[in-house]
Amino acid sequence: MTCKTLTAVSLAALVLGAGTAMADTWRYAFEEAMEEVQGKFAQKFKEEVEANSDHEVQLFPFGTLGESADIMEQAQSGILQFVDQSPGFTGALIPEAQVFFVPYLLPADQEQLVSFFRNSKAIKELFPPLYAEQGLELLTMFPEGEVMMTTTTEVTSPEDLNEVKFRVMTNPLLVSSYQSFGATPTPLPWGEVYGALQTGIIQGQENPAFFIESTKMYEVTDYITRAGHNNFTTAVMANKEFFDGLSAEDQQMVRDAIEASFDYIVDYQTGLTEESLEKIKAAKPSITITELTEEQRAPFKATAEAVEQEFLKIGGPKAQEILDQMKADLEAAASGS
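Numbers 904 to 1240, taken from the numbering used here, label the letters of the sequence shown in order.
To be clear, the hints were calculated from the coordinates, so they are not data collected in a lab.
There may be inaccurate statements among the hints.
Stated by the list, open to error - Here are the simulated lysine-lysine pairs, DSS-like style, with alpha carbons at most 25 angstroms apart:
1. Lys1027 with Lys947
2. Lys1119 with Lys1068
3. Lys943 with Lys1119
4. Lys1182 with Lys943
5. Lys943 with Lys1184
What the hints assert, rightly or not - If you anchor each label on the Cβ, the simulated ranges turn out as follows:
6. Ser956 with Lys1184: 25 to 35 angstroms
7. Glu1095 with Ile1192: 18 to 28 angstroms
8. Ala1209 with Arg1021: 22 to 32 angstroms
9. Glu1062 with Ala1151: 51 to 61 angstroms
10. Asp957 with Ala1201: 35 to 45 angstroms
11. Glu1162 with Glu959: 16 to 26 angstroms
12. Lys1027 with Gly966: 28 to 38 angstroms
13. Asn955 with Gln1199: 23 to 33 angstroms
14. Leu1215 with Gln1037: 14 to 24 angstroms
15. Ala1231 with Lys1119: 32 to 42 angstroms
16. Glu950 with Glu1062: 42 to 52 angstroms
Ideal placement from N, C-alpha and C gives every residue a C-beta, glycine not left out.
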């Protein structure tokens, strides 16, 4: 039986169960494995929902229902009640969500970062109507960790990325960002990345340290570069028709479960980056991990303005409003207000 056949059978089973005995079983898919950050968030959400209601939450980690595009389609159609997906992919549906790929926009300081995600007016007020237009109820966004480049050759300057085929998510602004860094951005589904690095089709990719470690990307690359250019962001959404159909009590219970999961995942990530890098070094002592100095980062940072201008061109009708509000939110987080 092929993978496509299995997926079709799985979906058929879900659809058949949707209106019968599984009426109180909510289905939640995400883009990572069960023991990775999105999986940990989902498990906490499941625990909270099941402790505070009669509902059951069924979890589907990456690959069980297809690639990222598949689970988004399933969430929009109502086959799934909940989905966790990075703006890297939803940027195709909601161009304004690409703002999270403007380099050096988000702070490196973890306390400021968490404060921004917890209190941002852009996230809480401006983004939800844009997601609603796509049949989605935006429940939260949260950071997953500092994004690092893993490459087959050393990177200490944009010149080192010249002609490097670098895997990116299918996101126009992320493509622009890596073009401005000097690389040749190459969109690929995640399932193909390890093999493409192994065979030399591409020479680099980016992700947080925990994901580099758990997916063993270090096995097919030799250098990890911390340029400090971004923090991986993800969003948890519900099918809007489903969510709107819940009782006020259940809606509040879901929001409370999301809030508890947000607090949990922030605590869970404390020390996770350094712990993951230590595991990588233990597994591959020859790996070179470089944290760029401020001087080395300067030419990368110099590209941010051009990428920001590109966002304003391709980021949808609300691009300027979103960017302005995010900057105000980030200033508020930095000042502690």
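Here is what the structure says about each hint:
no. : hint                                     : verdict
1   : Lys1027 with Lys947                      : holds (21 angstroms)
2   : Lys1119 with Lys1068                     : holds (19 angstroms)
3   : Lys943 with Lys1119                      : holds (19 angstroms)
4   : Lys1182 with Lys943                      : holds (19 angstroms)
5   : Lys943 with Lys1184                      : holds (24 angstroms)
6   : Ser956 with Lys1184: 25 to 35 angstroms  : violated (44 angstroms)
7   : Glu1095 with Ile1192: 18 to 28 angstroms : holds (25 angstroms)
8   : Ala1209 with Arg1021: 22 to 32 angstroms : holds (30 angstroms)
9   : Glu1062 with Ala1151: 51 to 61 angstroms : holds (57 angstroms)
10  : Asp957 with Ala1201: 35 to 45 angstroms  : violated (56 angstroms)
11  : Glu1162 with Glu959: 16 to 26 angstroms  : holds (20 angstroms)
12  : Lys1027 with Gly966: 28 to 38 angstroms  : holds (32 angstroms)
13  : Asn955 with Gln1199: 23 to 33 angstroms  : violated (49 angstroms)
14  : Leu1215 with Gln1037: 14 to 24 angstroms : holds (21 angstroms)
15  : Ala1231 with Lys1119: 32 to 42 angstroms : holds (40 angstroms)
16  : Glu950 with Glu1062: 42 to 52 angstroms  : holds (49 angstroms)
Of the numbered hints stated above, those contradicted by the structure are hints 6, 10 and 13, listed in ascending order.
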